[in-house]
Structure formats: structure tokens, C-alpha cells
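Colleague: When you get a sec, could you build the whole thing from the sequences and use the hints?
Under my numbering, the residue at position 816 of the sequence shown is numbered 818, and the numbers go up by one with no gaps.
Because the hints were derived from the structure by calculation, they are not lab data.
Don't take every hint at face value.
[Claimed, not checked] With a cut-off of at most 27 Å between alpha-carbon atoms, the simulated BS3-like pairs for lysine-lysine come out as follows:
#1 Lys359 / Lys418
#2 Lys659 / Lys634
#3 Lys605 / Lys659
#4 Lys710 / Lys579
#5 Lys407 / Lys374
#6 Lys85 / Lys165
These figures come from a predicted structure and were not determined experimentally.
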Amino acid sequence: MKNKQKYLIVLMTLVMILQLVSSVIISPRAAAAPSSTDSIKTSISVPTGEISNRESVTLQINISGSAGAFTAANGDVKVTVPKDIVYDASDFTTKLAVPLPFKLENVTTDADNYILSFSVDTSLIDSNDAFNGIFQVKFGAPILTIGDAHHDTQTFTVAYAGKNDAVTVDVVKRNPIVRSVFDKWYKGDLDENSVAILNTKTPTNNRFQLVVNYRQAQLNDVVVSDTLPEGTSIIASNPISSITGDRMTVDNIRILKAKAFDADGTATSFEYVTDKFADKISYDASTRHFEVVLGDVAPTDTYFIEYALDVDDVNMSNQANTATFTASNMATITKVFPVKVSDYYGTSYVLSKSVDKQVINYDENTLTYTLKLALLDGADIPAGTVITDPLDSKIHVTSILDYDKTRFDIKAEDGKVTITTLADIVKDDSVQWSFQADVEKLKVGESLPNSAYMEVYNNTIQSNSVTTKKYDGRIEIVKADNFGKPVAGAEYQVKDSTGAVVFQGTTDADGKLMTSAMNLGTYTVTEIVAPEGYVLDSTPITVVVSDSDTTPIVTQTMNKLQTGSVELTKVDSADHKIVLDGAKFSLLNETGTVLQSDLTTGKDGKLVVSGLNPGKYSLVETAAPNGYVLDKTPVAFEIVKGANTTPVHVEKDNTLKTGSVELTKVDSVDHDIVLDGAVFSLLDETGAVLQEGLTTDADGKLVVADLKPGKYSLVETDAPEGYVLDKTPVAFEIVKGANTTPVRVEKDNTLKTGSVELTKVDSVNHDTVLEGAVFSLLDETGAVLQEGLTTDKDGKLVVADLKPGKYSLVETAAPEGYVLDETPVAFEIVKGANTEPVRVEKDNTLKTGSVELTKVDSANHDVVLEGAVFSLLDETGAVLQTGLKTDADGKLVISDLKPGTYRFVETAAPAGYVLDDSPVTFEILKGENSEPVRVEKENTMTPKPVPPLDPVNPVTPVDPVAPITPIDPNSPVKPVTPPAPVVPADVTPVQDSNLPLTGDELPLDFVGLGLLLIAMGSIFLYRTKKTR
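Modeller: Written as C-alpha cells, this is what we have:
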């Protein structure tokens, strides 16, 4: 029997484990969607499978992933394209059409590739959405001919969120171009069937050329015509800047002529010649037909007729562009070029799932699930798309809600719901499907997760997971009395958070009451009617119903016998009208046992203790009101049985704690200097004087004690000696309950300051005041306090606001014309004696000058004269100096002359010169005395006297002169001995005679004497010669 029980217990345990496991194991497809990037898949493909000459290459990129996988942290989608296979990189932008949430941010390069960066706007993808996006990159391939340098295979890559893919395709090359008489070329992109792809974004790129005479033959009467496809119109292509000639167009047509060819016969340079055929071009817009008459074309002429097509109808089907060539000496040639509109393909869409209830109560079993598929941007979601929703074994589909059966096929079988689209889903056509399920098998406390998925390009993308949990929302109320016995007949109400009554009932004989199932939320359980003989307890009981509740929430309540109460009023001992809150008490019974503690008086000073059974009690204060003295004297009272309709009233008073204030008087500049002798009055909040004559001590302190809580101020009535009185009140507050230490305040006083007045005067005449002297103010240590202090027109300089101490004024710049005197002018500002300025005086000595007189000869100023004696006179003529004598250099220098006007008067001339006492005036200018004043004085030499002449004897008559014998020219001539020089006679100077001056008249007696001397000299010479 015991073994059977053991086996039974083991079997039940296994069953319970299996049930538990089955509740958490779900279909692999229904697993919760990953929140990382693991589900993201990237793919890249070339739909044509290969690349041909001048073909339009399409790269198709697919990005997909489950709900929660797409965040900004994933970065950009990077697509690499080999440079070798791209004809024009501008195609990446001009031929691009990507759907949201993708956006081309930039195109960069490395050594071999173009790198296209596409951002993903993840704000468009909800965290609950599975996402699939497809976009295309288009570009034109270059000319690919057999034997060229282009690679035979090309590899393209895509990378996003750490997921990479690559595709390699073959390059199909053609034979070299055959040069013909007439051909039609397309300079845009071609598809795999060589159909011209018309670009709707940049129509000027849809450039056609009609090539005439590339074979270089003689052609006569050439006419070229072309009929444009229906749904298009002719526009001018962009001119090429490197081509010369007139770029004009006629009916949007240009004509180029080849100028040069390479060795292979390929045209290498061109010129525009449209102007030469301007009257030979015609276009009929109604028929979209144009004609160009070229006439005779020489073998050396090759023409290119060029135009572009604009797409008027983007829905146009494949069309033919037909051109015709005629010439009188050639057969007609027709060239047909098929065209189509560029087809851009890209799409992006999201899949999400929701459930109508995340939680259900223990008695609920019906859920509604909804699947939503929405196209974000781009091409339609194609018909045939399949969404699968695998179901947990506890989910039983009861009905599929109404849906459009022409567009969708929905099946619920084999433990899953399968939705297949029968028609394309277009943009802004968000579709959703709903079905109802029974979840009766879901047990209280269990959770039921569910998600859907879809297969996209070999990638399973998972929608968000929705979960439903079952809970027990009932409340069980259990009622008992003081002794734990069940109490029947207690009536209760249950209210929700809005106050609405959601349940009402009465406890049964077992004292129990079970509510109906409650929704999640907060409720209050309140007793509204007490059982007979019990006290009503209407205190609301808060109950929170949560999804974690697996059994009814049990609420224990109790009813007591009718009890009494006590009301204590706490009052101020001085004024019982002042009630005190915050006093704490303990309630003790008759034996002294503490029944309750921390009973606190309210704002009305009252403390009420209810629920007291009859008996003797006491209230003992454990904490006094804030600011009051604790009083532990018990307050005794008694609850008398049967007399409990009103509370017992008791009163307890407390005495206020007082505080104090400490004021410190300090110097306003240096708070370390404390000031004694300051006198204050104490005022209350109303301004009434409470105390007077409060004086700071040697420590600068003043203390007032026993102050009741309140606001006060200290007002200075007498300042410390030497300081300015400051009556500004020093406000402070004695805060109730914060009186263990004095309130500390500080009051500073400013020292009375003094001033100094300096007067600048002339050192000789103190009545002469001097403006413009500049001083610096220095303190006792020599530190400069102020600079640039300048005397005014009254010669005064005033410096105010000087604190007591020793100072000096030092002159830094003298008044104009005066000598700088840097001797400090010391003075002191005496503490307490500052009503009048300290007056000081500073004199300056005028700067002196000098004069240099040079004595020169009047006839030759280079001759300087020594020994001239002068006197120096001032402007009034007063003689200042005498006996001033010129030196060997003819100079006389006098220094230390004050500014003013002076003159020299000669008192003795140099030896041999005439005295000249005419004054030599000069001026010593104020402030211009760096160089001496230079003057010059000349003297005239005294004339020498002429001695008297001897009487002149009569002249003896001269004998007749014998004829001169001619001299033989060949005979030598004896030189004539020159006469001896005449020695001048010594002439004694005659006193008081003057030398003749220029312009004077010579006396006649001197003239006659001169003539006589000349005559005598001539006779003497004549006789001498004759004698010889």
C-alpha cells in the first residue's frame, strides 16, 4: 500500500512537471522576437545576372528583421560598387529612387570602389514591428568591348548592423563598333535587351545621336529624318563645354561635325555646325517628326545630329524611335531604337501583432488577436505574401473576424493561422486581420506569449510578441473580534480608485466575505455597518489587485468593544491660550506598562487617544514641543466603564526655552580687529526698545541672554572712538527650538577718514602758487597708494578719505620751469582728529639759465677779443654783476640766471679797440634753459696816426735822351738788375685819428702827396735805367 502511494505521488509530480513545461514550451515559430540585431538579414543581387555594354545596371538590396531589431545604433547601410563598371557616378543620385525609411546620405570612394551610405530612419519602425525593405541602386555600364581593360567579373557588397552580403556577376563584352554610313546611337542606359531606358528625373541624359557617314564615303542629297516615340517630346541635350563652335539649337536639335579621327577611325574631336544648317532643320510637334537636309556630304565629312527626349507619359509602354536616311547615290537606311521608361523598384513594410487583453481574470477565457501589415513606402506588397501565426496549445481559435475574402485567404488549422494575400497591398493601404480565441486552458498565474512571422527573401522576420496573463482578482474579507472569534453581520463596501462602489456585502457566520473578480487596480475596503455591540471601524483598507495574484487577496479586520478616549491639550505655561503642537507622549496603563508611544499633539495642541478600555492610565511627555522645556510629570486620567461617549479632557503646560544673541563689533576693513566701546539698543519686531546701553567689551563682543523666540534688532547708538556711527539695524531671530547656542551676528564700523591739502609755492616768493606739480601718495611702508595727483591753478592738491596713519607725498613731476624736488612731504592722519584737512606746503626752485657772450673784431668775426670788461644789468637797469671779463677765447659765461630779461654793458674795451657801451640785451626763458643763451659783441680797432711829410725839393731838369742804338737781335742782352726794394718808413701813430671807412672822402692834401710820390718814383726808375 505504501509503495502504491509512493508511485502515485511520483506520477502526480511528473504530471505537474509536464503541465508546467507545456505551459512554457511553444512552437519555435512563436518564440519571443529577439531584441538584438540577430534577426537582421541583408542581401544584394543583380536581377539580370550579368552586365552588358552600356547596360543600365540594377542592384537590388533587401534589409529585413524582426520586431525590436531596428535602432539608430545599427548605423547606415553601406553598398560598394566597383569604379571599373560605372560609366557616370552621377547616376547614383540622378537615377535613385529609394523608399522610406532609407535615404542616401553620401557617396564616397576608396581605391577601387564607390561607397554609398544609406541612413535608416528607425523612428518610422515601431519596436513592435517586424520590417522588410527593398531598394534599388541604378547606374549605366561603360562601353564594353572584347579585349578592353574592364574586368570580366564585378563584385558588389552590402553591410548593415554587422550583417554582410555580396554578389559577383559576369561582364558580357561586344565586338568593336562597325563604322556605317548611317546609325542611331543612344548615350543613356540600355537594359539587358539593348532597349533605351528613358530617365524621368534627368531627361537631358536621354541623348540620341544620328550618325551620318562614319564610313567616310561620298554621299549626295542626304536627308535624315526621325519620328519620336509617342508620349515623349524633343528637348535639347546639354552642350559639351570642350566642343568648339556655335552651341545654338534649332527646334532643340544640334549638329556636330567630326574634326579629327584616331588610327582606328574613331572621331576624337568635334565642332558645333548647327548654324550652317539652320534653315535645313524642320520639326512638326504634332507628328513628333523632324527632318535635316544635309545635301552633299564629302568623304571627309562625318555628322552627328543630336537631341534628347523628355518623357511626357511615365506610363507609356515600350515604344520605337525610328530614324531614316536617304541619299541619291545610296539605298534608304532605317534605324529603329526601342525605348522604355526607367522602372524604379523599392519597397518597405512592417508587420505587427496585438492582443486586446494583456491580463485576464480567473473567470475570463476570450481573447482577440490582431495582425497588421503596412506598406511604409515604395512598390506594392505583392500578392502571394504569407503571414503565419503559430498558436500555443492553450489557444483555440473560435472565429475569424470579418475580412475581404477577395484579397486575402485566412486559414486556422494545425495549430496556426495562415494569411495569404490575393492582391497587391499599396501604400497607405494598411490592412489588419483579427481572430478570437478561447484560452480556458490557461491557468491562474500562467502567461501566454504569441507572435507571428513571415518569410522574406529566405529570412524569417518575427513580429513583436504579445503576452496575456491570467490572475485571480477576488478579495476575501475575514472579520474577527478582540479575541480572534469570527464576527458575522459586518457590512462592507469595496470602491475602485475613482471612488465608485464595485461591490457590497456582509460577513457570514464564519466572519468571511468573498468579492467578485476585480480588474487590476487599487481598491479600498471599508466597513459601513458594525455588528451589534461592536465599535464601527470605518478605516479604509487599501488593497492592490495585480497580475501576480494567483489566489484571492485575504484582508483581516477586527471589531472591538466600545472604548473610551482621552484628549490632552498642550499649552504655553505663560499663556494657556497658546496651544503647542509637536509634544510627544507615551500612554501607560495602571501598572506602568507602555501601551502606546510617540503620541504627538497636533496643530491645535491636542492629542487624542481612542480605543481605550475602561481603566486607569497616564500620559508621560517624552519630547517637548519645539522650543519648550521637557516636563516628564505624568498626567493621570481614568476611562470609566459606561461613560465613554465623550473623551476625558486633560491639560499639560510647558515653559518656553529662551535664546541669546552675541554681537561682535569689527573694523570694516579688517574683521580681525575687534572694537570695544560701541553702544547698542535692543529692539523687538515692532521697534520698541527693550534694552539700552549695551556696550561691546575688550573682545568687541556684546551678549544679550534670556530672549524669547522672535525677531529682534540691535541698533548702534554710539560708535567706537574714531569710527563712523552706523545706525543700520542688525536684525536677528531667536528661532523656536534652536537655542542651544547664541545667535551670532557681526557689525562692522568704518574708520573716520581724514584728508590732506598740499599747496605748491615758489621757493623765493611763497605768494606765488604753482600749478601742474604731480605727486604720488605713499603709505608708511613706502607703498604707492595713488599716483598722478596734480596741483590746480590755486597750487593746491587735496587727497580725501585717508584712514588714520602716516603718509607722504612725493613729487614725481615739477611745475613747468621748476626743479623737481623728490623730498617726501610727510604727514599723519590722526585717529579721531579728522574734521579739518592736514595742511602741508611744498616749494620749488625755478630752473636757472646761462648766457655766453663772445667778443669779436668788427672787421673779422673770426678774430676773438680777450679782456673786454662788462657789467650785467637786469630789466630795470639795476647792476647785478660787474667786472665780467672775456677770456682768451673771447668768451664770457654767466650761470644761475633766473628767467627774465638782462643786458650786458661794456665798461672796458679790449686793448687797441674802441669802447662800445651800447647794451647787449638777452632773455632767459622759463623752462628753456638746457642750453646757454649765446650773444655776440664786436669792437672796432683804434686807428693809427699818419706822421707829417718832409718838404719836397724842386725837380732838376732832365737832359735830352740820346737815341737808342738798335740791339743786334743775334747779340745777347745783359739782364737788367732790378732796383732795390723801398723800405717803408716807420710811422708813429697819431692819437685820436680815425682810419678811413668805406664811403669816406679822402682829404685833398693826401691826394696831392700821393701824386708827388708817384712822380718821384718814376724819375728815380728812369735814371737808374739810363745809368745802366
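Colleague: Determine for every hint whether it applies to the structure shown.
Modeller: Comparing the hints with the structure gives:
1. For the given pair, Lys359 sits about 20 Å from Lys418 by alpha-carbon distance, which is consistent with the 27 Å threshold.
2. For the given pair, Lys659 sits about 16 Å from Lys634 by alpha-carbon distance, which is consistent with the 27 Å threshold.
3. Proximity of Lys605 to Lys659 is assessed by CA-CA distance (about 19 Å); at most 27 Å being required, the pair is judged to hold.
4. Taking the CA atoms of Lys710 and Lys579, the gap is about 17 Å. The hint holds against a cut of 27 Å.
5. A distance of roughly 16 Å separates the Cα atoms of Lys407 and Lys374; the hinted pair therefore holds under the 27 Å criterion.
6. With a C-alpha separation of about 23 Å, the suggested pairing of Lys85 with Lys165 holds against the 27 Å cut-off.
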